[in-house]
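Chemist: This is what each chain is made of:
2 protein chains.
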Amino acid sequence: MKKLNKNFNLLADDYLFAKVSAAVEKYKADFPQSDIISLGVGDATQPLVGKVIKACNDAAFEMSTDKFFRGYGPYDGYPFLKQAIVDYYKRRGVVIDIDDVFVTDGAKNGVGNLLDIFDSDVSVMIPDPVYPAYVDANVMAGHKIVYVEGNRGNGFLPMPSKKIKADLIYICSPNNPTGAAYTVDQLKEWVKFALDTDAIIIYDAAYEAFAEEKNIARSIYQVNGARDCAIEICSLSKIAGFTGVRCGWTVIPGGNLTNVNRMWYKRQSIKSNGTGYIVQRMAEAALKGGYDEVVKSLGVYKSNAKLITDKFKKLGMEFTGGVNSPYIWFYTGVDSWEFFDYLLKKAKIVCTPGSGFGKNCNGWIRITAFNTPARTAEAIKRFEMFWKDFIEVRGSIFKPLKK
Amino acid sequence: MKKLNKNFNLLADDYLFAKVSAAVEKYKADFPQSDIISLGVGDATQPLVGKVIKACNDAAFEMSTDKFFRGYGPYDGYPFLKQAIVDYYKRRGVVIDIDDVFVTDGAKNGVGNLLDIFDSDVSVMIPDPVYPAYVDANVMAGHKIVYVEGNRGNGFLPMPSKKIKADLIYICSPNNPTGAAYTVDQLKEWVKFALDTDAIIIYDAAYEAFAEEKNIARSIYQVNGARDCAIEICSLSKIAGFTGVRCGWTVIPGGNLTNVNRMWYKRQSIKSNGTGYIVQRMAEAALKGGYDEVVKSLGVYKSNAKLITDKFKKLGMEFTGGVNSPYIWFYTGVDSWEFFDYLLKKAKIVCTPGSGFGKNCNGWIRITAFNTPARTAEAIKRFEMFWKDFIEVRGSIFKPLKK
Numbered sequence: 001m002k003k004l005n006k007n008f009n010l011l012a013d014d015y016l017f018a019k020v021s022a023a024v025e026k027y028k029a030d031f032p033q034s035d036i037i038s039l040g041v042g043d044a045t046q047p048l049v050g051k052v053i054k055a056c057n058d059a060a061f062e063m064s065t066d067k068f069f070r071g072y073g074p075y076d077g078y079p080f081l082k083q084a085i086v087d088y089y090k091r092r093g094v095v096i097d098i099d100d101v102f103v104t105d106g107a108k109n110g111v112g113n114l115l116d117i118f119d120s121d122v123s124v125m126i127p128d129p130v131y132p133a134y135v136d137a138n139v140m141a142g143h144k145i146v147y148v149e150g151n152r153g154n155g156f157l158p159m160p161s162k163k164i165k166a167d168l169i170y171i172c173s174p175n176n177p178t179g180a181a182y183t184v185d186q187l188k189e190w191v192k193f194a195l196d197t198d199a200i201i202i203y204d205a206a207y208e209a210f211a212e213e214k215n216i217a218r219s220i221y222q223v224n225g226a227r228d229c230a231i232e233i234c235s236l237s238k239i240a241g242f243t244g245v246r247c248g249w250t251v252i253p254g255g256n257l258t259n260v261n262r263m264w265y266k267r268q269s270i271k272s273n274g275t276g277y278i279v280q281r282m283a284e285a286a287l288k289g290g291y292d293e294v295v296k297s298l299g300v301y302k303s304n305a306k307l308i309t310d311k312f313k314k315l316g317m318e319f320t321g322g323v324n325s326p327y328i329w330f331y332t333g334v335d336s337w338e339f340f341d342y343l344l345k346k347a348k349i350v351c352t353p354g355s356g357f358g359k360n361c362n363g364w365i366r367i368t369a370f371n372t373p374a375r376t377a378e379a380i381k382r383f384e385m386f387w388k389d390f391i392e393v394r395g396s397i398f399k400p401l402k403k
Numbered sequence: 404m405k406k407l408n409k410n411f412n413l414l415a416d417d418y419l420f421a422k423v424s425a426a427v428e429k430y431k432a433d434f435p436q437s438d439i440i441s442l443g444v445g446d447a448t449q450p451l452v453g454k455v456i457k458a459c460n461d462a463a464f465e466m467s468t469d470k471f472f473r474g475y476g477p478y479d480g481y482p483f484l485k486q487a488i489v490d491y492y493k494r495r496g497v498v499i500d501i502d503d504v505f506v507t508d509g510a511k512n513g514v515g516n517l518l519d520i521f522d523s524d525v526s527v528m529i530p531d532p533v534y535p536a537y538v539d540a541n542v543m544a545g546h547k548i549v550y551v552e553g554n555r556g557n558g559f560l561p562m563p564s565k566k567i568k569a570d571l572i573y574i575c576s577p578n579n580p581t582g583a584a585y586t587v588d589q590l591k592e593w594v595k596f597a598l599d600t601d602a603i604i605i606y607d608a609a610y611e612a613f614a615e616e617k618n619i620a621r622s623i624y625q626v627n628g629a630r631d632c633a634i635e636i637c638s639l640s641k642i643a644g645f646t647g648v649r650c651g652w653t654v655i656p657g658g659n660l661t662n663v664n665r666m667w668y669k670r671q672s673i674k675s676n677g678t679g680y681i682v683q684r685m686a687e688a689a690l691k692g693g694y695d696e697v698v699k700s701l702g703v704y705k706s707n708a709k710l711i712t713d714k715f716k717k718l719g720m721e722f723t724g725g726v727n728s729p730y731i732w733f734y735t736g737v738d739s740w741e742f743f744d745y746l747l748k749k750a751k752i753v754c755t756p757g758s759g760f761g762k763n764c765n766g767w768i769r770i771t772a773f774n775t776p777a778r779t780a781e782a783i784k785r786f787e788m789f790w791k792d793f794i795e796v797r798g799s800i801f802k803p804l805k806k
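Going down the list, the sequences are from chains A and B. If you read the first sequence in the numbering used here, its first letter stands for residue 1, the second for the next number, and so on. If you read the second sequence in the numbering used here, its first letter stands for residue 404, the second for the next number, and so on.
These aren't lab readings, by the way, just hints derived from the structure by calculation. Where a beta carbon is used, it is the ideal one built from N, C-alpha and C, also for glycine. One or more of the hints may lead you astray.
According to the in silico footprint, chain B covers these stretches of chain A (three or more CB under 8 Å from chain B) [stated by the list, open to error]:
1) 114-120
2) 313-321
Straight line, CA to CA, 27 Å or less: simulated DSS-like cross-link-like pairs of lysine-lysine [unchecked claim]:
3) B/Lys751 with B/Lys709
4) A/Lys296 with B/Lys470
5) A/Lys162 with B/Lys406
6) B/Lys405 with A/Lys165
Work out the full structure: start from the sequences and follow the hints.
Modeler: Below, the structure written as structure tokens:
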């Protein structure tokens, strides 16, 4: 077969988390007795809340009856869930219309599949560091990628510059992997820039539920004008522990973007049959009747994040995130993958090498607050001892990185 | 925004079923008291079987506990479901390997998303008539499409010809919309042709569970050599009524197609986070513990199909399908959309205009056996009266079509 997509040859060898996972599996095979704690992948560990389980059972019961059985649903999601999403925004003072909302099988599907509606010669602006799926999906499509650099200087929150333009602009806030989060005022500058340059912003709000501080944006639609230039992608994964359930949404407002909205509907009608009914009822429960439970469950991760950042402060470490975000991003001064191996070997803790998120991030490490309180506490205890030892031996056994 | 995918302008105005649905909604709004029976979309109506519901509740219970909660699953599906799929093939004497199998959110997602792994200048061969999503997904991608014609002469089962070549060959058997189904011997010719021309077959087996007659293929892998040139796509939608649950699979065998298998894995790891855990447990139950119930449920649709074809024979109509297939494809001699309107108006029956499936199918109509036995019986009663009247008035109120 000669006609395979050659862009695949340009992809990094392995998707970052697959690579981490393979390294951990190898370690487990070599040392089967090891008590490994993962602070690696940002994956929920708190069980689904009671009202979500009840919604699942109720919907399953419907599906077992002649009268209430449901086959194919709407390509863009059932109105009951679309309305629950509209109301979820409304509770935070953001107005979106029910026709703006598309239910999806998760934010990752949304981010990737959305590219179908753009031309093959579209150019994209991607922050560096960033969630690797943005880059990989665009490399796969052969798109021209320009990077805007997040770094110490800008607190990993790059701002628009007249020097760099693109047709699509990816923004992830609160950010994965750095945990940094834009204020509404900062997003105003991005919206203005997008409108001035006729670009579309793809705003990944997957971690918005962690935004706590005043002025930190939870939706790009808090900014006037965003409805004319921004697509927002979100997910129940981090709001309600749906990483293993798979449900999210995409918002493409009417108005200036009406034709984009209609193209996405068409794309979904051709390449998908919507999201399952039972899953949509579970998502509805998470945003409505079960929302108080969901918030309580989220509080567990927020406490974990505080536990970690308190310790990091005590250890005098350089880090971002942990507030407004389940991610903590810290600097080690040594090669990220070497640190990963050393942390796994010495403390049996899995982290994610920062170098996997961007070309200028060697030396940085991402850890997450998604483990259980008990395991997180245990990990922090181990980490404290580990870090003190690491600081002592760093100069002698690791090659230093230029800061 | 200038850089939108221009290929969307080449798409048919509306996805066929969306168009049918809009016409029916309009009719309902005009005549709210009408008792409309749908023999239109091929959508399950039988409730999910008991063992599938039990699997749903059991998995939901797991997700409610600290101990058994599951977050992100494997990109290619859980081994328990992949093994159940391998065993499902094995029971029919077809050997596939567990690494050949990818769990998906349904056959439609598989068919559409698979195009990501091929080059943008790939050419595709599509039978006409055919399930419209193949054509639309390829138009969207800007691919060159060549058609092989299904018609009266070949029983709507086109065979390869040296005159027409392409990089990808779509085959759907048992066929949607015509209900015609290839024998294993006929597929041998297609496999030989694909191997000779270095093409890949995308074999849509979504309706394989309806194949009953001896020698009718249920999988392309019943043919030697198919492992080196064919991708098979299947779904639980029609096997077990999963149209509203969303679960299917893609088989890409190792061997000659190993690199294609690995590219699909990479595509899925970048643009998806797999299929939900609860859904995968439901699918496992459908193929294993609940399979006897599933077969019984399928029998309902098979009886419906027999009811319809018996009546059509009695009425002396020209049709294919109804055996080995839930679809019956019949000739009316008048414009398909005019027949659709007339059938809806006179008998309150929804069908699908054959012209929506292919450029040479005007005059043909697809109906399905997916309604309940009671509604199907009622529809057939109405249809008999309708058809007798239609034959009488056809010459006077419809413009005849050239046969």
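Chemist: Each of the hints needs a verdict: does it hold here or not?
Modeler: Results for each hint:
1. 114-120: Result for this restraint: holds, n = 5.
2. 313-321: Coverage by chain B is violated here, the residue count being 0 at a Cβ distance below 8 Å.
3. B/Lys751 with B/Lys709: holds, 21 Å
4. A/Lys296 with B/Lys470: Distance of about 19 Å is within 27 Å: holds.
5. A/Lys162 with B/Lys406: holds, 20 Å
6. B/Lys405 with A/Lys165: holds, 14 Å
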